Amino acid sequence: MSNDKARRSVLGGVKRDFAPWADPTARPLIRFEQITKRFGETAAVDRATLDIYEREFFALLGPSGCGKTTLLRLLAGFERPSEGRVLLAGDDLGLVPPYQRPVNMMFQAYALFPHLTVEGNVAFGLKQDGLARGEIKARVAEMLGLVKLQGLEQRKPHQLSGGQRQRVALARALVKRPKVLLLDEPLAALDRKLRESTRFELMHLQDRLGLTFVIVTHDREEAMTLAHRIAVMDHGRIVQVATPAEIYEQPRSRFIAEFIGDVNLIEGGLAAIEPGLAAIESAAGRLTAADPGEAKLGSQVWLAVRPEKVRISLERPDGAAGAANCVAGQVTDIGYLGDVSIYHVRLRAGPMMTATAANLTRMVERPIGWHDQVWLSWPREAGIVLTR
Amino acid sequence: MATRGGNRAHAVTAMNDNSQPSLRARASWAQRLIILIPYLWLAAFFLVPFLIVLKISLSQTAVAQPPYTPVFDPSAGWAALKGFLAELSLVNYLSLAGDALYLSAYVKSLQVAAGSTLILLIIGYALAYGMARAPRRLQPLLVTLVVLPFWTSFLIRVYAWINILQREGLLNQALLALRLVDELPVWLATDTAVYIGIVYSYLPFMVLPIYAALEQLDETLLEAAADLGCPPWKAFWLVTLPLSLPGVLAGALLCFIPIVGEFVIPDLLGGSDMVMIGQTLWTEFFTNRDWPIASAVAVVMLIILVAPIVTYQHFEARQLEAGR
Chain B
21 MSNDKARRSV LGGVKRDFAP WADPTARPLI RFEQITKRFG ETAAVDRATL DIYEREFFAL
81 LGPSGCGKTT LLRLLAGFER PSEGRVLLAG DDLGLVPPYQ RPVNMMFQAY ALFPHLTVEG
141 NVAFGLKQDG LARGEIKARV AEMLGLVKLQ GLEQRKPHQL SGGQRQRVAL ARALVKRPKV
201 LLLDEPLAAL DRKLRESTRF ELMHLQDRLG LTFVIVTHDR EEAMTLAHRI AVMDHGRIVQ
261 VATPAEIYEQ PRSRFIAEFI GDVNLIEGGL AAIEPGLAAI ESAAGRLTAA DPGEAKLGSQ
321 VWLAVRPEKV RISLERPDGA AGAANCVAGQ VTDIGYLGDV SIYHVRLRAG PMMTATAANL
381 TRMVERPIGW HDQVWLSWPR EAGIVLTR
Chain U
7 MATRGGNRAH AVTAMNDNSQ PSLRARASWA QRLIILIPYL WLAAFFLVPF LIVLKISLSQ
67 TAVAQPPYTP VFDPSAGWAA LKGFLAELSL VNYLSLAGDA LYLSAYVKSL QVAAGSTLIL
127 LIIGYALAYG MARAPRRLQP LLVTLVVLPF WTSFLIRVYA WINILQREGL LNQALLALRL
187 VDELPVWLAT DTAVYIGIVY SYLPFMVLPI YAALEQLDET LLEAAADLGC PPWKAFWLVT
247 LPLSLPGVLA GALLCFIPIV GEFVIPDLLG GSDMVMIGQT LWTEFFTNRD WPIASAVAVV
307 MLIILVAPIV TYQHFEARQL EAGR
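First to last, the protein sequences are chains B and U. Here the first sequence is numbered in our numbering, starting from 21 and rising by one per residue. Here the second sequence is numbered in our numbering, starting from 7 and rising by one per residue.
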């Protein structure tokens, strides 16, 4: 019990203090240097540069076809870069074939050997290393215990459930104690409930084994729960690398802001810059943000505001505090999700905005209904000025 | 009004309830009929002819029409049936066992079938592997090319081999032109010619099942093997080959079983010393007009082939179960 508690506090501690990317003296375990991979005319990966550190849980996130899987396959050795280098612990992996790389991959559809048992699948990699039989048996048993598959050693893959197959694939990739574990959409084939519980198991496993995990996913929730840092990819390019909170709160472009959660984007021109204030002239009126970011005076910008940071009220909120921006509109749609409600509001000036509000009481009748005249307000700090 | 409507609805439901079981019974009756059709087919075209051949093999040859006795006459009643049964004997099988000629023909047939199946396996696997690894869009064309010889009559193709293999044939001319030989080797009427003919004729039956197995092979399995430290040549032995075994087995049996009974190829391309069981059968039926001994030869051949056929079916059933 106390042991468990201690581990959890360590885990929390590691999560909080773990930031080798911020340490200029830290050397990355994996380095992608100006990697380009072309298939025919199209560049699946376009001049990607990325550092991943030891013990990091790193996510490559993006819509399908953005090049994230290709980047992973470049690391595994299934693809050769057209340009650039992949370095592992300082060594160029260039011509090293996949079967000599100290990385292991968990495949999207698991790629379990159908003619081998669970035990045979997990032992496969160890047998390639020519380990003694006794050691193979011991390590396979240990790994199957770790992923809770004891008793299923003699089953064939087709006799297992989806969740069990996923565990076999994980055990098979981990049993060789790779320097880096690559996970290609590891949870995509599981149902929602199982996916959510498996996420936490993956986190604990990574922490316990002290390995570096690189995961490819198109599911932002998955990336945000699992990873220390996320690289968002779009059309073969890495568009932002940051922690989940930074990516959510400080996206660098409209694409990232929209891909990572819902967002209101209000187009306008940057009208004034003062210390701690950037004023934007938009169709919804004059709006303010705390920081102009990279925008120049007079340029076209978008003000990004997350719906949960927008307050919706029937009365005009008074007092300058917390309501630097205040616009009026009419409710056109309400999405009731139980925990929160989503309000679609047509502003008097024309554009649409979305606000979400937590349903804090158990009242069935909500005070705000369809076609109500409402006020939307948000503080200066809630808005981000984007130039792209 | 409302009550009456309600009643009617009730009545309709009741009628549906009644009709349901009879419908189900009829469905299962139809299902049984469908299952029965292949059995009827097998009974009419395999079991009945086999029983006739078996009966003839227990008869004695006679100068008559049909050329054997006894002939069963159902109109003659019980006494005739008893006499008929008493006349059946195993004497033909005894003479089969006693004559080295038959034994050597069986051994030769099995030898040729085993040898050519082995050669077919090696060539067929290589071809199928190449086809499965070819670009996707080329594969339909390659399959067509494998099947293409079927568009010409089998007999014509074997005759063509006579042309190729004869003394002044294409093969010797080519060898001469390439200065690989000084003297013209003899091909026709040798065992080599029979092997060439058989391997050529049966190749599609070996290639197609192996190709089907290899084509289904998930390529990420090979990536997984490589990822786990397995170099490509080893991955072939550990992953590709075991997963293509069903195709290999199907191809081997599809070739082995008919080759044992092959008649045309050894007859046209082989020499007089190459006597396979199919030729023996032919000689007994048509030259010697000894139907009983020919039938006995056929029955023994069937018994020899039952083992591989049963193995094949057992394996297929297991495959089907595993596929579920």
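No lab work stands behind these hints, which were simulated from the structure alone. Please read all numbers here as calculations on a predicted model, not as lab measurements. Note that beta-carbon positions come from the ideal geometry of N, C-alpha and C, so glycine has one too. The reader is advised that the hints may include incorrect statements.
Computed footprint of chain B on chain U; a stretch qualifies when at least three of its residues, placed anywhere within it, have a C-beta under 8 angstroms from a C-beta of chain B [said to hold, decoys possible]:
#: 1; segment: 78-89
#: 2; segment: 220-230
Below, in silico cross-link-like pairs of lysine to any residue (SDA-like), each with a Cα-Cα straight-line distance of 25 angstroms or less [claimed, not checked]:
#: 3; chain 1: U; residue 1: Lys240; chain 2: B; residue 2: Pro295
#: 4; chain 1: B; residue 1: Lys147; chain 2: U; residue 2: Ala218
#: 5; chain 1: U; residue 1: Lys240; chain 2: B; residue 2: Phe98
#: 6; chain 1: B; residue 1: Lys176; chain 2: U; residue 2: Ala166
Provide an ascending list of the numbers of those earlier hints which the structure does not satisfy. 1, 3, 4 and 6
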